[in-house]
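J.: The whole structure should be built from the sequences, with the hints applied where relevant.
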Amino acid sequence: MEGYNSIEAVLERAIQLEVEAAALYTKAAATVQNEPVRKRLEEMAIQEQHHKSKLEDVRAGNVRWAIRRSKAEPVTDLRLSDHLVSGELAPDADYQDVLLFAAQREKTAHEFYKAMAEMVEDKLTQSLFEMLADEELRHKYVLEKTYEEVVYKDF
Amino acid sequence: MDEVVLTNDSQPSEHRFRADVLICGGTGCHSSNSHEVLLALESEVARRGLSDEVRVVHTGCRGFCSMGPVMMVYPEGILYCQVQSSDVPEVVEETLLKGRTVKRLAYQEPTQHQALPLYHDIPFYGKQIRIALRNCGLIDPESIDEYIARDGYAALGKVLSSMTPEDVLREMKDSGLRGRGGAGFLTGLKWEFARRSQSFPKYVICNADEGDPGAFMDRSILEGDPHSVMEGMTIAAYAIGAAEGYIYCRAEYPLAIARLKTAIAQAHEYGLLGENILGSGFNFDLKVKEGAGAFVCGEETALMASIEGKRGEPRPRPPFPAVAGLWAKPSNVNNVKSYAMSPQIILKGAPWFKAIGPEKSPGTAIFALTGKINNTGLIEVPMGIPLGEIIFDVGGGIPKGKTFKAVQTGGPLGGCLPAAALNTPVDFDALTAAGATMGSGGMIVVDEDTCMVEFAKYFLEFATAESCGKCVPCRIGGIRLLETLTKITEGKGTRDDLEVIKYISKNMRESALCSLGQLTPGPVMSGLRFFEKEFIEHIDDKTCTAGQCKSLVRAKCINACPAGVESPAYLALVAQGRYAEGLEIHRQRNPFALACGRVCPAFCEQRCRRGEIDEPISIRLVKRFMADQEIERPWTPARIEGPKLAKVAVVGAGPAGLTAALRLAQRGYRVTVLEKLPVAGGMMAVGIPEYRLPKGPLFAEIENIERAGVEIRCNQSLGDDFTMEDLFDRDGYRAVILAIGAHKSRKLGIPGEEKAGVLHGTDFLRQVGLINRGAAGGRRMPEVAGKRVAVVGGGNVALDAARTAWRMGAKEVHVIYRRQREAMPAYAEEVKAAYDEGVQFHFLANPVKVLGDDAVTGVLVQRQRLGEFDSGGRRRPIPVEGDEFTIDLDLIIPAIGQTTDTAWMKNTGIEASRASTFVVNEALGTSRPGVFAAGDAVSGPATVVEAVAQGNLVAVAVDHWLKTGEYARPRYETPRPDIAQLYDLDAYANAQRPHVPELELVVRQGTFREVELGFDEHTVREEAKRCLRCDLEWLDYMKIARPQAVTEEA
Amino acid sequence: MPKLKTLEDLKRVRDEAQQALKTRLDTGTTITVGMGTCGIAAGARETMHAVLDELAKRQIDAHVTTVGCIGQCVKEPLVDIEQAGQPRITYANVRPDMVSRLIDEHLIKGQPVAEWIVGKM
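Residue numbers (our numbering), protein chains in the order written: chain A, 1 to 155; chain B, 10001 to 11050; chain C, 20001 to 20121.
Derived by calculation from the structure, the hints in this document are not laboratory data.
Treat the numbers as computed from the prediction; the structure is a model and nothing was measured.
Keep in mind that a hint or two might mislead.
[Claimed, not checked] Okay, derived cross-link-like pairs now, SDA-like style, lysine to any residue, Cα gap no bigger than 25 Å in a straight line:
#, chain 1, residue 1, chain 2, residue 2
1, B, Lys10676, B, Arg10766
2, A, Lys153, B, Arg10914
3, B, Lys10747, B, Val10919
4, C, Lys20057, B, Asp10052
5, B, Lys10811, B, Lys10676
6, B, Lys10098, C, Asp20097
7, B, Lys10098, C, Lys20022
8, A, Lys27, A, Val75
9, C, Lys20011, B, Gly10349
10, B, Lys10747, A, Val75
11, B, Lys10747, B, Pro10637
12, B, Lys10127, A, Leu17
13, B, Lys10360, B, Lys10676
14, A, Lys71, B, Asp10870
15, B, Lys10348, C, Gln20018
16, A, Lys153, B, Arg11009
17, A, Lys71, B, Ile10356
18, A, Lys71, A, Pro36
19, C, Lys20022, B, Tyr10125
20, A, Lys107, A, Leu17
21, B, Lys10849, A, Ser86
22, A, Lys153, B, Ala10915
23, B, Lys10755, B, Asp10854
24, A, Lys145, B, Ala10465
25, C, Lys20057, B, Leu10097
26, B, Lys10261, C, Pro20002
27, B, Lys10158, C, Asp20097
28, A, Lys153, B, Asn10423
29, A, Lys107, A, Gly87
30, B, Lys10348, B, Asn10423
[To be verified] Per label pair, the in silico range of CB-to-CB distance:
#, chain 1, residue 1, chain 2, residue 2, range
31, B, Asn10507, C, Lys20011, 23 to 29 Å
32, A, Thr31, B, Glu10754, 17 to 23 Å
33, B, Leu10189, C, Pro20087, 41 to 47 Å
34, C, Lys20011, B, Gly10281, 37 to 43 Å
35, A, Glu118, B, Phe10885, 43 to 49 Å
36, B, Gly10077, C, Gly20110, 24 to 30 Å
37, C, Arg20088, B, Gly10281, 35 to 41 Å
38, A, Thr31, B, Gly10491, 33 to 39 Å
Backbone N, C-alpha and C fix where the C-beta goes; we use that ideal spot for every residue, glycine too.
T.: In structure tokens form, the structure reads like this:
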């Protein structure tokens, strides 16, 4: 598997993806008109920054331990937003749109890491990809939970 | 209570019975006359000549206490519930003789009403792993042989013959068993401390005081399997080096004490107690010491003082009992359950035990499940099971379809947890982290009708009564806490009182001598943590929403009504034929009597006290009749204050806006209501269909409001026809109330939603409504006739859309809802009517794709199953992969939820929440000074009466703001009407709630004629007399004189 | 009751007492005798007693249950034998004198008696 022949390379790519995600949310925040929704997008951008810092810590510290800790936490896929469609965020986007947008982005990231896990051969690298996949799934869980509370309150 | 002496079966032990019938003789079933059932069974079995085949056995408690007396038939494993002696002949004939189950005695599963006769099918037992309870309900507790048959004393045998005390200690430590008395200290380690002490004699003590109200785990084990506890104690004695043991059992358990004494005597006979047990040279003897009725004696140092003959008072630790306990000698104190589990751990090994449940809290936990729960009883479940599973799967959920509110764990010294905690795994650490405690295992479930302030007070009363008095923090702190809490329940509390409560609690926690004092503040502190809103309501609003605090609840119906309508008063007046007076009282709180008489969900009826006896009063229909009588006489609302110069603008002519306008006009203000649509009424006009609320009554009601001096201008849209600045700067309004409701329908977000043939629910109803209300304005009815229609959603908008589509001639009407029927927010009557009208419902179904090219041809639906609990206590639907089906359709009507349109809000300085409701302060003021909000725009989609309540409140808030420039939490107050009781309540003791006549089904299709026809005068006046006049009882309670009868019945 | 002096004494009491508890625990073998009115009329109670006696004589652990009319009334008494992991076999017209052979061949030797079988599930 090109480019991912080392733990460092994997983490580097993952960190880069978090940076891209933060930029994505910041850009979306600039377009959206609804004030509280805009603030939520800015919060999401900050959260992606936190994910980046977390990965930097992993890179600097003990990768195996991070993997083990992650394995010990349960992760559920609610699959709530999988069939929904979300495009670019329009200026009149509301909270429902933003949650969906973010959830699907996390899903894409999760699937990317899962695919990577299946392609590499080195056990440690594989476990690292699985851990990253689980992390993204956890983010998706939180977003889908909120989506259900807000949008599906009566459904 | 007499000692119950039973004879063991007198057949020689070689005789084999074909069938065993077990009757539960636990205290619960015993108090339901299970002993008579047993005698009846023995006699009938003999009479039918089955005494050789069928053995009748008296056992301990199997746990399913709410279903007692319980009878188990083996070998089939059939469980019969609530068996009476009169049922016995049928059971013997059908089941014992002919092998058929008696369905009516089988357990009925609460939601599907399916009979589940076999024990292992019953969900109550399905999730249980019975270790400490393994024998309870299975064996005769007075037969040591039956205990031995179940491997009884085999563990002791193993210990005495092949294990050293160190081996035993190691096994217990490795198992990870933590004390089941509540503190959760590692049992093996505790035994080791006692072993290490080099002072003799040593003592093994069993804490069987079980003082928690509602807890009966220990009692059931002592009554149902006493030998297990004794065996555990003997093993502990061997491990620590003791020769004497005490079982401290509360005197309120006479049956348990009797069974223990019998068991001890039997063990002596077999040489399993006393000297040289099983020839090993080890001596151990047990005595039973009866408690003296003090809760504090459940605390180990107080318990030991009591055994010593002193007053039960705790003392400081160290020294711990393992070093210096009973008579200052090393003692090991453990709970009944800990001892009961020990023999199993020895027999099956530590790894077996450790494998059950989470690593830090292995094994099983026993809970006494009580309160508002369907399956009251005793359960043993693996540690780590989510709280919600215990309550809903094992416990069978909340009775009468009520909503779960909280669960109290750990008894009076524990804490309560709200619905948000339902996914918490039940183990020592997780429960503590969540804000409660594991305790000994009492679990009390409460529902929406329980007041959390009153609930905390109940436990506080208990704990303060049981305080031994030795230390000041508990003795005095407890009383002061109780006084403060009582004040709050009487409506005399202040915000400072909450600080006092926190202060005293902190002090008690840190300085009380024993855990009784330290944990007494537990319930009130967890109540404050999770239900602070209720405490504040009691203090600020003098309201008890649950309807329990007697000083604050004049009648449950008044209390349950969001607008506080005085139902008992107008019911009493209707009974006398004085409709106009009744209506006037009603309108003081809610001006929409005609509308609400037709469409209100009647929260009042849901809480009506008469409903606890037979059926609630049909308050809504009485109201309707009363209002209909006066429709010919237009109402001019009375002025309350003199005219004022200030002008107020209300945006939105729905119930919130109109009510606010009315109240302000009554207070002399000049009010203008600006309405976007061509017709006023809000959701009443364009949401609720004509067949539920005809335009006659609706418009009459709106005209009443205009008669108060309110000006209503239609076709005025905020953002298009005028702006906020126009209102303040150009038109000179001093205050603005935004009551624009929630009319924007949420998108589904699925592919194909943009196709032709997708028409959102609110848009659909609005188009139809405007035309039906005579404000067509060039609009045409949506084309529905002959079409196959599907509505997506489960709320009232969805149901209204479905029933409207049917009336318009749809060929098929489907409703697709993501959860189950019980979870639908729509009114049950609407759902039933929809079923009657032929609507097809699909539950646990979620549309994933709209099919078709340009126009809709169908929808692809994915089935769901139920997963974990959400923060509201409902189970989440999870898609079932690959399980999809198609419905062929022409029209799809999404109605999954509504929000407020906030597009116009840019640059207005008004803050909205993420959920698109207005952010308001306590006075319903928005972030922009002078701009207030009320109704669905604040609460999210709700009901007419809730909007009215907000309308009342915002008017008071605006009035105050205009007069003082300040925001204050509003209270809408009206004079208390005391109407005399003129009829004899007893005469109506057996009167029944009448059925409401409805339009025939055949007449309904194709028209929008009103479906509900209402009662006639005689029926209404008689129905009003079924009212129990709780408001007069409140006067008595508060020592206020009842009103005297002034007039004769009209 | 004599004192239990050794582990063996305890075990002996246990084994004896376990026989009495057998009906409440799983044995893996269930023998069901049709006991509807047709069955009783055809003598199913006598057949059931014969089964119980035979099981006691041979010290075999099995559950014996009764059931209502299975349907083939003319073939009563009907006796089902079901063992864990095996198909349930129904025997027709079982008279008390046939029971001994049924138990011996089906349960002990593991060979269902083909000529008496009327159904297999």
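J.: Are the hints correct? Go through all of them and say.
T.: Against the structure, the hints:
Distance hint between B:Lys10676 and B:Arg10766 is fulfilled; the C-alpha atoms sit about 12 Å from each other, no more than 25 Å. This hinted pair checks out: A:Lys153 and B:Arg10914 have alpha carbons roughly 14 Å apart, not beyond 25 Å. A distance of roughly 23 Å separates the Cα atoms of B:Lys10747 and B:Val10919; the hinted pair therefore holds under the 25 Å criterion. This hinted pair checks out: C:Lys20057 and B:Asp10052 have alpha carbons roughly 16 Å apart, not beyond 25 Å.
The suggested pairing of B:Lys10811 with B:Lys10676 is violated, with an alpha-carbon distance near 34 Å, which exceeds 25 Å. A threshold of 25 Å between alpha carbons decides the hint, and for B:Lys10098 with C:Asp20097 the separation of about 22 Å falls inside it, so the pair holds. Between B:Lys10098 and C:Lys20022 the CA atoms are separated by roughly 21 Å; this keeps the pair inside 25 Å, and the hint holds. Under the criterion of a C-alpha separation no larger than 25 Å, the hint pairing A:Lys27 with A:Val75 is inconsistent with the structure, at around 29 Å.
A distance of roughly 20 Å separates the Cα atoms of C:Lys20011 and B:Gly10349; the hinted pair therefore holds under the 25 Å criterion. Of the supplied pair hints, the one linking B:Lys10747 and A:Val75 is violated, its CA atoms being roughly 28 Å apart against a limit of 25 Å. Restraint check for B:Lys10747 and B:Pro10637: not satisfied, since their Cα atoms lie roughly 42 Å apart, outside the 25 Å limit. At most 25 Å may separate the alpha-carbon atoms for a hinted pair to count; B:Lys10127 and A:Leu17 exceed this at roughly 44 Å.
Using a Cα cut-off of 25 Å, the hinted pair B:Lys10360 and B:Lys10676 is violated, with the two alpha carbons roughly 62 Å apart. Distance hint between A:Lys71 and B:Asp10870 is fulfilled; the C-alpha atoms sit about 23 Å from each other, no more than 25 Å. Distance restraint check for B:Lys10348 and C:Gln20018: the Cα-Cα separation of roughly 19 Å lies within the 25 Å cut-off, and the hinted pair is therefore satisfied. Between the alpha carbons of A:Lys153 and B:Arg11009 the distance comes to roughly 32 Å, so the proposed pair goes past 25 Å and is violated.
Of the pairs offered as hints, the one joining A:Lys71 and B:Ile10356 holds, with about 20 Å between alpha carbons and a cut-off of 25 Å not exceeded. For a cut-off of 25 Å, the pair hint linking A:Lys71 to A:Pro36 is broken: about 35 Å separates their Cα positions. For a cut-off of 25 Å, the pair hint linking C:Lys20022 to B:Tyr10125 stands: about 21 Å separates their Cα positions. For a cut-off of 25 Å, the pair hint linking A:Lys107 to A:Leu17 stands: about 13 Å separates their Cα positions.
A hinted pair counts as satisfied when its Cα atoms are at most 25 Å apart, and B:Lys10849 with A:Ser86 qualifies at roughly 14 Å. Taken as a hint, the A:Lys153 and B:Ala10915 pair is honoured in the structure, with Cα atoms around 11 Å apart against an allowance of 25 Å. For the suggested pair B:Lys10755 and B:Asp10854, the alpha carbons sit about 6 Å apart, so the restraint of at most 25 Å is met. For the given pair, A:Lys145 sits about 45 Å from B:Ala10465 by alpha-carbon distance, which is inconsistent with the 25 Å threshold.
Of the supplied pair hints, the one linking C:Lys20057 and B:Leu10097 holds, its CA atoms being roughly 23 Å apart against a limit of 25 Å. Our distance criterion of 25 Å between C-alpha atoms is met by B:Lys10261 and C:Pro20002, whose separation comes to about 19 Å. About 47 Å separates the Cα atoms of B:Lys10158 and C:Asp20097, which puts this hinted pair outside 25 Å; it is violated. This hinted pair checks out: A:Lys153 and B:Asn10423 have alpha carbons roughly 19 Å apart, not beyond 25 Å.
Our distance criterion of 25 Å between C-alpha atoms is met by A:Lys107 and A:Gly87, whose separation comes to about 14 Å. With a C-alpha separation of about 31 Å, the suggested pair B:Lys10348 and B:Asn10423 falls outside the 25 Å cut-off, and the hint is violated. The supplied range of 23 to 29 Å is broken by B:Asn10507 and C:Lys20011, whose beta-carbon atoms lie about 59 Å from each other. Checked against the given bound of 17 to 23 Å, the beta carbons of A:Thr31 and B:Glu10754, roughly 21 Å apart, stay inside it.
A hinted range of 41 to 47 Å is violated for the C-beta pair B:Leu10189 and C:Pro20087, which are about 53 Å apart. For the pair C:Lys20011 and B:Gly10281, the beta carbons lie near 20 Å from each other, so the given range of 37 to 43 Å is not met. About 32 Å separates the C-beta atoms of A:Glu118 and B:Phe10885, a value inconsistent with the hinted range of 43 to 49 Å. With their beta carbons about 26 Å apart, B:Gly10077 and C:Gly20110 fall inside the hinted range of 24 to 30 Å.
In this structure the hint that C:Arg20088 and B:Gly10281 lie 35 to 41 Å apart at CB is violated, the actual value being about 54 Å. Checked against the given bound of 33 to 39 Å, the beta carbons of A:Thr31 and B:Gly10491, roughly 52 Å apart, lie outside it.
The structure shown violates the earlier hints numbered 5, 8, 10, 11, 12, 13, 16, 18, 24, 27, 30, 31, 33, 34, 35, 37, 38.
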